[in-house]
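There are 6 protein chains.
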Amino acid sequence: MPQCYILFLFFFIFFSSSSHASVQDFCVADLKGPDGPAGYPCKSPANVTVSDFVFSGLAKGGNTTNIIQAAVTPAFVAQFPGVNGLGLSMARLDLAPGGVIPFHTHPGASEILVVTRGHITAGFVSSASTVYLETLKKGDVMVFPQGLLHFQVNAAKIHSSAFVSFSSASPGLQILDFALFANNLPSALVGQTTFLDLAQIKKLKGVLGGTG
Amino acid sequence: MPQCYILFLFFFIFFSSSSHASVQDFCVADLKGPDGPAGYPCKSPANVTVSDFVFSGLAKGGNTTNIIQAAVTPAFVAQFPGVNGLGLSMARLDLAPGGVIPFHTHPGASEILVVTRGHITAGFVSSASTVYLETLKKGDVMVFPQGLLHFQVNAAKIHSSAFVSFSSASPGLQILDFALFANNLPSALVGQTTFLDLAQIKKLKGVLGGTG
Amino acid sequence: MPQCYILFLFFFIFFSSSSHASVQDFCVADLKGPDGPAGYPCKSPANVTVSDFVFSGLAKGGNTTNIIQAAVTPAFVAQFPGVNGLGLSMARLDLAPGGVIPFHTHPGASEILVVTRGHITAGFVSSASTVYLETLKKGDVMVFPQGLLHFQVNAAKIHSSAFVSFSSASPGLQILDFALFANNLPSALVGQTTFLDLAQIKKLKGVLGGTG
Amino acid sequence: MPQCYILFLFFFIFFSSSSHASVQDFCVADLKGPDGPAGYPCKSPANVTVSDFVFSGLAKGGNTTNIIQAAVTPAFVAQFPGVNGLGLSMARLDLAPGGVIPFHTHPGASEILVVTRGHITAGFVSSASTVYLETLKKGDVMVFPQGLLHFQVNAAKIHSSAFVSFSSASPGLQILDFALFANNLPSALVGQTTFLDLAQIKKLKGVLGGTG
Amino acid sequence: MPQCYILFLFFFIFFSSSSHASVQDFCVADLKGPDGPAGYPCKSPANVTVSDFVFSGLAKGGNTTNIIQAAVTPAFVAQFPGVNGLGLSMARLDLAPGGVIPFHTHPGASEILVVTRGHITAGFVSSASTVYLETLKKGDVMVFPQGLLHFQVNAAKIHSSAFVSFSSASPGLQILDFALFANNLPSALVGQTTFLDLAQIKKLKGVLGGTG
Amino acid sequence: MPQCYILFLFFFIFFSSSSHASVQDFCVADLKGPDGPAGYPCKSPANVTVSDFVFSGLAKGGNTTNIIQAAVTPAFVAQFPGVNGLGLSMARLDLAPGGVIPFHTHPGASEILVVTRGHITAGFVSSASTVYLETLKKGDVMVFPQGLLHFQVNAAKIHSSAFVSFSSASPGLQILDFALFANNLPSALVGQTTFLDLAQIKKLKGVLGGTG
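Residue numbers (this note's numbering), protein chains in the order written: chain A, -13 to 198; chain B, -13 to 198; chain C, -13 to 198; chain D, -13 to 198; chain E, -13 to 198; chain F, -13 to 198.
Chain A with its partners taken away, still in its complex shape (with noise of 0.2 Å):
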């Protein structure tokens, strides 16, 4: 037996290192070095903890004074290095009541939703334009393809939260109103693509800080 042992100590020797140079079983990201199509470079091995792995940023939800009475809190790779090159985030919704997440879509994610408190009314427009509407309660989950056009209300007189995960460690996240009406895109251009009134996009171009 004491043979033994000294041997399975060879063995150990053995496989540390013939397998030591490719051990690399996961690429926390390394946020100061340059990203790239496939998310950043990874932090060496050898000062990955298991603080990479956990985010406790979610656990509080975010400020909702403000005019959606809402807030969203990402857990993406640039909060969470842990995620980088996993193909998964999440994030957290706080809904005051009268809360909205107005519509928007993630250009390079589908997600999932799942209710932790209230009710939420969920709904996603399709190419074909047919509308996928629900009221979710507590517990409930709705899946919101990839790239397509959604939102999320309180349907409570309450509070309401949801946990969202996202099929990208990077999703991006565009809103429909920041899009059209918070940058300098000229409001004509805006009104010739969208048939929008001009009087609408000059109104809320005001309000979102839009110029032009």
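A couple of the hints might just be wrong.
If chains are identical, the list can't say which one is meant, so a pair holds when it fits in one copy or spans any two.
[Claimed, not checked] Quick list of in silico lysine to aspartate or glutamate cross-link-like pairs, EDC-like style, CA-CA up to 20 Å: (1) LYS143 / GLU120; (2) LYS188 / ASP38; (3) LYS123 / ASP38; (4) LYS124 / ASP38; (5) LYS46 / GLU120; (6) LYS18 / ASP38.
If you're looking for bench data, these hints aren't it; they were derived computationally from the structure.
Given the coordinates of chain A, assemble chains B, C, D, E and F onto it according to the supplied hints.
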């Protein structure tokens, strides 16, 4: 030398039989089959002809006698079965004077546009709400990254046209106005999730045949 | 203006016909069809309803009256056909006091866990045999990279629960004890390939219903 | 209403800060950086302008005063950094009367060709050695599946031209004659592996600058 | 302890039922089903046996009594259904003295070759027409990047053999001579697109059974 | 004809310049660079030689004088930089009489094994806990689907050996015993998550150098 011929014949027989069952370099769509996440089932190679890989439907522009004075003619997998599974498709844009392809996204593909006639003003908006806008001349090329809102407007006094290619055999096409106004999504909910005025919503719903 | 309405109508007709055949932004699983490497065939879009994208089976925890005092309730493609082809799925974990999700892997997916009640001690082991171990509080999030052995243990005196999401619609679930002891793999071979003592193997085979 | 404006401002601040670090919908190539398997590192979004997404180099055809009386002008990632990571690129073909794009493959991409002037005879050969051959008119489209040998020949008495798009930002281009005859591969080895006569090999090596 | 056994039984029942429908870690090809872009439909798990994952067809070399004095024996998905969807397959090469696997490409896969007997001279050519050429001894390994022209020649006076593995279950195999000369592509067109002399073309067409 | 030569020269110059910057058919790993989710940065093509694509380290078996009487010799990207980004790698297994490759997984790859000497008993276990077990003879091939627990045992009285190939340049290697017993995971926690007896755990921890 005659012996050589016979031997070559052996060679021929050998390879064709041994590689017979795995000869499938492409997967022409059998559009009658049920599609799946990766595309349509493959037509039997025995029935594939060159016409599966050729499409003539983009030779003429679509009819631009409509409110947008523009037409989009697709050569997606549904029209052009040879692209099935190849991660690539095309379409043709035609814009009469004053023509507009209104704000839209392709949920599952990036796009490259090349102007073949006239001038086209094209733009896209990023998640950061930055506008990337350019007036393109004949032969100019512009790329629209996956899933982002973009549009094209005729910038010439003549008919303009372009070819666009996509990084998917089935890129999808979600036109913003149709998503918002051409279905039964309740007007109040549209207002709540877009911040548009109710009058504006009802006007466009009326025009586009939406209800609610 | 009435003319405009009519023209818009043309617009409507034009786009819907031209893009008709390629409108498929999602691929809801037809679970009766034969699945393939990329998932199940798509249900006909005409038969898809919002209920395909919504799942209520995670609202209640599974029954934890079992030896592990824990339950895993999946919302994989087999339970939740709307996720087919989208590279995403979910599950719910419930751990009674003392509950354990024993060592397991998901052969085809990475996982993110978010604690919704109680405290959970979770850990995974890398190819380099490094342990990444943390006790998570409510709202904490932890990621488990693809294919690595991991576990979850209730660290609270109360019932704890969590939602987990996966980077696949069909992540798989290989529970270590079941793989080793709940089948007909001969005990001697298990011993040879795990270095466990024969008595230990036979004991667990007995408990888990394994033979040989 | 003035209060509303202020609240909207909050909304604006909230979203832009929370999603700040993860706003990266594209990855414009930093061509000075080292490329990787998925492409080049991303240029900092702050330095990205619309000119990164626009390329004018295809507006004019390449010089066809050469032996093949043809020219290929690429808009691959090296010329057009906006396509980095998007799985898409383009090129322009110009064929003077009698012009030929000789047999070649793109090791990493499928291709779609659209004729914009003249007539082009194009063909590809499958693994089963079947020829798919067609003479294409202006506006006709043809797809060449990934990795297969193909060619294009001017079929008109005038200059013909085409745009081609690829399912990769870096499709590669292996011209058969260059692979066989424009390098130092020993003639005897070329003969052994192609069954071409030595005289033929030496003749083409001489012409194309090959040695050995 | 007896109670424990019963509880374990619960555990057993629980997991097997809850994970029942999603247990599919592999997708053994049902070769009678229509294949799709991602491979064949999956055989029902109930009918899968270990023989689906084992293939004995590479144990013996193919017949090398042919003009190339060589044989390629594939274990692609068509011969070895267990590799379906796994992105991996194999083949065996046998080269009698003087044997040659002539110039060819695999349109959809990279390849690694390991010599198991004799010596093999192998080479590939890049898009830049650079030759990478080496004579490999028993146990040497060489990689051929996807889609590039390559060849193998027996460099020993004895029979040489090798195993090759591919990064696809269906890598394809396009043999240059067959693509050019073993079909009905008109000789003039072959000449125009390869710069080979007509006499050379007609000679090889004659040998390989091509017409035109 | 001399004119022809000069024209060919033009042809040569034309193509090489126009395609110059995008000629990169492979991405040999620069192992000094930081790796990313898709692999290592590419070595400059100017510095790439054939030796990057050839590896001789599998010609001899590893040392089997250890407790498992077996050795695994990898040709992963860390040892064999030419496979970077190509989705393929290899290794060699050597099993002395009585030798065992104990239960392990490759978190990121499927595997094909081909026996080159002796007899090997190999098996894997599915998520459904079904065992797929076979004794393989020389030349037999077996596939192990991604992420599943598997093992190999020498079934001959002589030294047996095999080559294995993987569907990843960096497949990872998680050996079950090492994951459980060769680190500082507390014994009580190992017991709780494996149902092994504490004595068994402490015994194997002792042997494998684990603590806690």
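Those earlier numbered hints the structure runs against, lowest number first
2
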